[in-house]
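Undergrad: Combine both chains into one complex, guided by the hints.
One line per chain: the protein sequences are P and B, in this order.
Position 163, counted from 1, in the first sequence is what this note's numbering calls 163; the numbers after and before it change by one each time, with no gaps.
Position 109, counted from 1, in the second sequence is what this note's numbering calls 109; the numbers after and before it change by one each time, with no gaps.
Keep in mind that the hints were calculated from the coordinates and are not lab data.
If you're wondering where the values come from, they're calculated on a predicted model, not measured in any experiment.
Where hints are given, some of them may not hold.
If you want the footprint, here are the derived chain P segments under chain B, 3+ residues with CB under 8 Å [stated by the list, open to error]:
(1) 2 to 12
(2) 15 to 24
(3) 39 to 48
Taking CB as the label site, the calculated pair distances span [as the list claims (entries may be wrong)]:
(4) 71(P) with 92(B): 32 to 42 Å
(5) 157(P) with 175(B): 35 to 45 Å
(6) 108(B) with 161(P): 31 to 41 Å
(7) 162(P) with 176(B): 19 to 29 Å
(8) 29(P) with 92(B): 17 to 27 Å
(9) 59(B) with 29(P): 17 to 27 Å
(10) 124(P) with 197(B): 34 to 44 Å
(11) 141(P) with 207(B): 36 to 46 Å
(12) 193(P) with 172(B): 44 to 54 Å
The beta-carbon is built from N, C-alpha and C at its ideal position, and this holds for glycine as well.
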Amino acid sequence: MSLERLRELPAYAPALLGAVALAASAALAWAYDATRDHIAAAEARDLRASLAQVLPAGFADNDLLGDTLVLDGPRGAKVKVHRARRNDAVRGAVFSVAERGYTEDIVLLMAVDAGGTVLGVRVLKHRETPGLGDKIEAARHPWIEGFAGKSLAGPTRWAVKKDGGDFDQFAGATITPRAVVKAVKGGLEFFEAHRREILGEQS
Amino acid sequence: MSTRLGAVAREGLWDNNVVFVQMLALCPAMAVTTSGSNGLGMGLATTAVLLVSNVLVSAIRHAVSPQVRIPVFVVLIAALVTLVDLALNAWLHDLYKVLGLFIALIVVTCAILGRAEAFASRSGVLASAVDGLAMGLGFTLALTAIGLLRELLGAGTLFAQASTLLGPAFSFLELRIRGFDGALLMILPPGGFLVLGFLLAGKRALEHRRRAAARAVAPGLELREPSCR
Numbered sequence: 001m002s003l004e005r006l007r008e009l010p011a012y013a014p015a016l017l018g019a020v021a022l023a024a025s026a027a028l029a030w031a032y033d034a035t036r037d038h039i040a041a042a043e044a045r046d047l048r049a050s051l052a053q054v055l056p057a058g059f060a061d062n063d064l065l066g067d068t069l070v071l072d073g074p075r076g077a078k079v080k081v082h083r084a085r086r087n088d089a090v091r092g093a094v095f096s097v098a099e100r101g102y103t104e105d106i107v108l109l110m111a112v113d114a115g116g117t118v119l120g121v122r123v124l125k126h127r128e129t130p131g132l133g134d135k136i137e138a139a140r141h142p143w144i145e146g147f148a149g150k151s152l153a154g155p156t157r158w159a160v161k162k163d164g165g166d167f168d169q170f171a172g173a174t175i176t177p178r179a180v181v182k183a184v185k186g187g188l189e190f191f192e193a194h195r196r197e198i199l200g201e202q203s
Numbered sequence: 001m002s003t004r005l006g007a008v009a010r011e012g013l014w015d016n017n018v019v020f021v022q023m024l025a026l027c028p029a030m031a032v033t034t035s036g037s038n039g040l041g042m043g044l045a046t047t048a049v050l051l052v053s054n055v056l057v058s059a060i061r062h063a064v065s066p067q068v069r070i071p072v073f074v075v076l077i078a079a080l081v082t083l084v085d086l087a088l089n090a091w092l093h094d095l096y097k098v099l100g101l102f103i104a105l106i107v108v109t110c111a112i113l114g115r116a117e118a119f120a121s122r123s124g125v126l127a128s129a130v131d132g133l134a135m136g137l138g139f140t141l142a143l144t145a146i147g148l149l150r151e152l153l154g155a156g157t158l159f160a161q162a163s164t165l166l167g168p169a170f171s172f173l174e175l176r177i178r179g180f181d182g183a184l185l186m187i188l189p190p191g192g193f194l195v196l197g198f199l200l201a202g203k204r205a206l207e208h209r210r211r212a213a214a215r216a217v218a219p220g221l222e223l224r225e226p227s228c229r
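If we strip away everything but chain B, and leave its shape as in the complex, we get (with noise of 0.2 Å):
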């Protein structure tokens, strides 16, 4: 059972993550990436609303009949975001200014649909947890990466505004290169694309090379490619 925990936790992490294998939620992906706080944020509060959707989709499986369920998801999804912004706007304030954009973001992201319709309305609760913890992650590795690169290369800074996201504490992860404002096209809508499509080719070629490794090791064992959904 764990190790199959353990499998559904990779495949959210990296074999099947959100951006760069399902492709979903570029919308949101594109948009909020301008920096590695923004990304952060983002990927923070949707794996939040994910893990929780999960949980819920998966505890009513059996009661929803298989006409209305997208209706049904779709009216909890849309709740629960709401709940998480009410939430947020009032005991968490600091925060919300931060992040109040991206929470009305999260229900256009149809990752969290798509998770709970390809894999909560069909596992159990404890999997379903797992995997949308795992997607989440997946999803937040991904958009902060896509964010720091962006920013690196179109602002020269790295983490900016990361104190106002997580405290103060955290201000020394923001960094500055002097001497170079960087180039604004890469914080401008074509970037994300930019730097989104070269993240995938990285991705591409180190599994390639993996894949390479393997099989010089051992000839004839072929690893299984990552499943497409």
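Next up, chain P with everything else stripped away, as it sits in the complex (with noise of 0.2 Å):
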């Protein structure tokens, strides 16, 4: 039979569609698997430059993507905590921490020491407005550094300027450094919250 004659079958057009549905399923399902494990790998890769980024270079000597520790975080989700040791003292702590910004959650990985001072702080994901929130990103403006250093206990106020503290904030973005300070001092608080279970300290 011609493929005009078949053409015209009424079940030519739901079993082409399903063919060709069919298909494209196979072929995600089969990209799906043949990149799995490379993405994990470079997701892993990223994770690692992050750490990097946040802790300062020495502060640690251990592999911190295996030395974790599971507890509840400050908005009900479970928060994935790495611990930087050396010579096995606990020395500090990276997590990550997100907050609702100007679109979606604003992910960022922040690094406290033991004493509870920030050592750095690094977005991970936003999707904040290309040109304005954009410079929480290290690489587009320095602002995301003036975190380190700070702590709860000290003279810091957790606010933009426009609030009345100590951050900056940006022409034309106010909501977006505004969820950015919030969300590290949220982080502050959860690590005094848990500061114990993190150092592996005994009650």
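TA: And the structure:
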């Protein structure tokens, strides 16, 4: 039977659509399987690079990816805490915090030392307005470096300047820095609340 | 045959440019063109998908019955974009981190379905490939032009972050105008529409002048208006 005759059959259109959908699904399933390990490896590499960015060089000598602890986070979600050790003693912790920004959650990675002082903060993921809110990226603006050395105990007022705090906002974007400041403060409070578990101290 | 392919290429790059003439894909065009690098990245990713989708659609055009052609094309394009997304994420992870946001946006680019429907479903594989490539590069050209202008006027830079997209060898492209931080408006959505409007007007004026020049040289010999689809 020729293709033209075949195409006239009532069952041809649904069969064709089904076949295309099946072929597409098969291709996607295969691609997912073929790329899964590579993507996981690439993400682990990314995480390692981010960890190296928030921690000062030589701060830890352990593999932070393998030394983790899962705790109840500030927003009801589980938070994975990476412990930074040198000579087996826990000197600090790295974990991620999230806060709703202008469009969706801004995800940050932050490192805190055992005394509750911020070592470094980096943005892992955000969808803020390009050219405005994306100044929270370290590659675009040094603003995010301003968190290092700050703690809840110090004189720092944890708000943007517009709200009477110590942190700059950007021209045209207040919501984004406000969310980041709130997230970092929340992260410090989370650290304080779980200090014993994270540092492995006995009560 | 080669002149016909040349005409197809010319259509895609200029005469029937996706953004400037067909006015398609304006949603991603406005959303990502806040810098030249972003525009270039989105354009190149779209070109790749457009090329492959055009070839695939053209290859199966005889087997597809008219009643279900749109769903078939949609499934094909969506699968293709997802494949590109996964492959980039796995093997070109650094590029993916820059382009990742845009890859998913390609699906909503009606330009791709538009080319499948208007060209590839009724043309040969080679012509469809040329059409996909030319339309994609025309799209890239438009996005890069809009992006560069908005970046220049809005942030006072040119091709900022080009090295993350193209590799460190291209960092010479990154320029910065000292003492000029730009007018924020141009980075915000209104700036996109303003720049697009002025570019459209510029293209019109250029073609108008060309036509007038041609008329002055050969009176009575009207050049054909660019066909509208």
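Undergrad: Each hint: holds or not?
TA: Structure-based check of all given hints:
As drawn, the stretch 2 to 12 of chain P meets chain B at 3 residues by the rule of a beta-carbon pair under 8 Å; at three or more, the given contact holds. Figure legend: the stretch 15 to 24 of chain P, annotated as covered by chain B; annotation consistent (5 residues with Cβ-Cβ distances under 8 Å, at least 3 required). Counting residues of the stretch 39 to 48 of chain P whose CB lies closer than 8 Å to any CB of chain B gives 4, which reaches the minimum of 3, so the coverage claim holds. Restraint check, residue 71(P) to residue 92(B): a C-beta distance of roughly 35 Å satisfies the suggested window 32 to 42 Å.
The hinted window of 35 to 45 Å between residue 157(P) and residue 175(B) holds, with their beta carbons roughly 38 Å apart. About 38 Å separates the C-beta atoms of residue 108(B) and residue 161(P), a value consistent with the hinted range of 31 to 41 Å. Hint check: residue 162(P) to residue 176(B), Cβ distance near 28 Å, so the stated range 19 to 29 Å holds. A C-beta distance of roughly 22 Å is found between residue 29(P) and residue 92(B), which places it inside the suggested range of 17 to 27 Å.
Taken as a hint, the range 17 to 27 Å holds for the pair residue 59(B) and residue 29(P), whose Cβ atoms sit roughly 22 Å apart. For residue 124(P) and residue 197(B), the hinted distance range of 34 to 44 Å is satisfied, since their beta carbons lie about 37 Å from each other. Taking the beta carbon of each, residue 141(P) and residue 207(B) are about 42 Å apart, inside 36 to 46 Å as hinted. At roughly 50 Å, the beta carbons of residue 193(P) and residue 172(B) sit within the given window of 44 to 54 Å.
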